Amino acid sequence: MTQGHAKITSEVSGKDVAKVLQPVLVDLVGLALNGKQLHWHVRGRYFLPVHERLDAVIDDAREFADTVAERLVALDVLADGRPATVATTTNLPEVAPGFTSDDKVVGAVVDQLDATIARARAAMEALETTDTVSQDIVIEALRALEKHRWMFAAQLG
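Numbered per UniProt numbering, the sequence shown spans residues 1 to 157.
Check the hints yourself; a few may be wrong.
Claimed, not checked - Label pairs and their calculated CB-CB ranges:
(1) Glu128 x Thr85: 23 to 31 Å
(2) Ala118 x Ala84: 18 to 26 Å
(3) Glu63 x Asp114: 17 to 25 Å
(4) Gly98 x Asp16: 39 to 47 Å
(5) Ile139 x Gly44: 32 to 40 Å
(6) Ser13 x Glu52: 36 to 44 Å
(7) Ala118 x Pro83: 29 to 37 Å
Unchecked claim - The calculated DSBU-like cross-link candidates involving lysine-lysine, where the alpha carbons are at most 30 Å apart (straight line), are:
(8) Lys15 x Lys104
(9) Lys36 x Lys147
(10) Lys19 x Lys36
(11) Lys147 x Lys19
(12) Lys147 x Lys104
No wet-lab data here; the hints were simulated from the structure.
Model, not experiment: these values are computed from the prediction.
For glycine and all other residues, C-beta sits at the position ideal for the given N, C-alpha and C.
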């Protein structure tokens, strides 16, 4: 069994995959953190549906961050989701501190999802020729993220 594992990992360069997946990881962690910040501070007429819908985004971001990190570790490379790493390497726009109206929260979530999706799409393309297993993970994340984006963007009119 060890020989089979060595064969698999020798065919896929963990370091090459890490260069592509690590940025996706930090954006997913950042999305979960920023989503929670918005979730706690949303105000307005549509508080409840926005508040609840954010939970679904956060749950998916956390789940896919875990899956991406576990893939990196399976390839014998480090996954770095530490706060300092996320803060300095995420592609996501900052969210405003404090209470925020529901319409502004919806717009901020769309912006967060757009940035996360853009980096994940770039990773998907890069992984096509290097590691299709990792690419499948990114595709699954994109499927969920793009659905969330559609649902939030529909609220913008």
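Each hint, compared with the structure:
no. : hint                       : result
1   : Glu128 x Thr85: 23 to 31 Å : holds, 26 Å
2   : Ala118 x Ala84: 18 to 26 Å : holds, 23 Å
3   : Glu63 x Asp114: 17 to 25 Å : holds, 20 Å
4   : Gly98 x Asp16: 39 to 47 Å  : holds, 42 Å
5   : Ile139 x Gly44: 32 to 40 Å : holds, 35 Å
6   : Ser13 x Glu52: 36 to 44 Å  : holds, 42 Å
7   : Ala118 x Pro83: 29 to 37 Å : violated, 23 Å
8   : Lys15 x Lys104             : violated, 39 Å
9   : Lys36 x Lys147             : holds, 19 Å
10  : Lys19 x Lys36              : holds, 27 Å
11  : Lys147 x Lys19             : holds, 26 Å
12  : Lys147 x Lys104            : holds, 19 Å
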